[in-house]
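Dock chain P against the given chain B, drawing on the hints supplied.
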Amino acid sequence: NAGVMQNPRHLVRRRGQEARLRCSPMKGHSHVYWYRQLPEEGLKFMVYLQKENIIDESGMPKERFSAEFPKEGPSILRIQQVVRGDSAAYFCASSVQGGKLFFGSGTQLSVL
Amino acid sequence: KQEVTQIPAALSVPEGENLVLNCSFTDSAIYNLQWFRQDPGKGLTSLLLIQSSQREQTSGRLNASLDKSSGRSTLYIAASQPGDSATYLCAVQVRGAGGTSYGKLTFGQGTILTVHP
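Protein sequences, first through last, are from chains B and P.
Following the working numbering, the numbering of the first sequence begins with 36 at its first residue and continues without gaps.
Following the working numbering, the numbering of the second sequence begins with 104 at its first residue and continues without gaps.
These are calculated hints, taken from the structure and not from any lab test.
Check before you lean on any hint, since a few could be wrong.
What the hints assert, rightly or not - Distance ranges between label pairs, derived from CB positions:
| id | chain 1 | residue 1 | chain 2 | residue 2 | range |
| --- | --- | --- | --- | --- | --- |
| 1 | B | Gln115 | P | Ser172 | 30 to 38 Å |
| 2 | P | Ala112 | B | Arg57 | 41 to 49 Å |
| 3 | B | Arg55 | P | Ser149 | 21 to 29 Å |
| 4 | B | Arg119 | P | Gln154 | 23 to 31 Å |
| 5 | B | Glu53 | P | Ser115 | 35 to 43 Å |
Stated by the list, open to error - Chain B stretches covered by chain P per the calculated footprint, using a threshold of three residues with CB under 8 Å from any CB of chain P:
| id | region |
| --- | --- |
| 6 | 75-83 |
| 7 | 98-107 |
The structure displayed is predicted, hence computed values, not measured ones.
Don't be surprised by glycine CBs; every beta carbon is placed ideally from N, CA and C.
Same shape as in the complex, but just chain B (with noise of 0.2 Å):
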């Protein structure tokens, strides 16, 4: 049984370019979180979503951030014309409905 699967582990974008981040849960999890660590700082909660719905986006930048999770398919988080300040982990995690968060080994985002 395969973990959390993240991908790519390290994206390298210029400004102004797009990154796509992509999460697979770990089977029969229908629950996905996108976490985002920035340096020296601690994992900040961005986006709760399940299948096809977004649940809680509290945590998300409101401009150039989105994030999906299709009835088939990983799960996207999107940012649109990058800045440096972009820069950071992003980590998903996992989980069935009121169950433990499993966390991915992350993507690392750089922007030049």
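Just chain P, lined up with the frame of chain B:
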């Protein structure tokens, strides 16, 4: 707004020492509290999870306690080893609708632990 604070920010100890990491949180209405380990460039590994109704959890050389009323938790590591070197994160999970858990965790800044031979 829930805030989680961890002290110390960094700790360096010789191998074999017993040590205590501290975590405090401002809102006692939590569902559970977890301690994680994070190794450089890697994800998070859950070490111990304490439900709000529990006082402590133990796993091997690790023991975590929870005092919800005072908003404190401690992680005790016995007989530390160089392999314990990592960042230790404390996170609280809020209670959702109907008393169920809601996977929105609030993390502390972490304690960077170095155990030297």
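Hints, verified against the model:
no.: 1; hint: B:Gln115 / P:Ser172: 30 to 38 Å; result: violated, 45 Å
no.: 2; hint: P:Ala112 / B:Arg57: 41 to 49 Å; result: violated, 33 Å
no.: 3; hint: B:Arg55 / P:Ser149: 21 to 29 Å; result: holds, 27 Å
no.: 4; hint: B:Arg119 / P:Gln154: 23 to 31 Å; result: violated, 41 Å
no.: 5; hint: B:Glu53 / P:Ser115: 35 to 43 Å; result: holds, 42 Å
no.: 6; hint: 75-83; result: holds (count 6)
no.: 7; hint: 98-107; result: violated (count 0)
Comparing the model with each numbered hint stated earlier shows that hints 1, 2, 4 and 7 do not hold.
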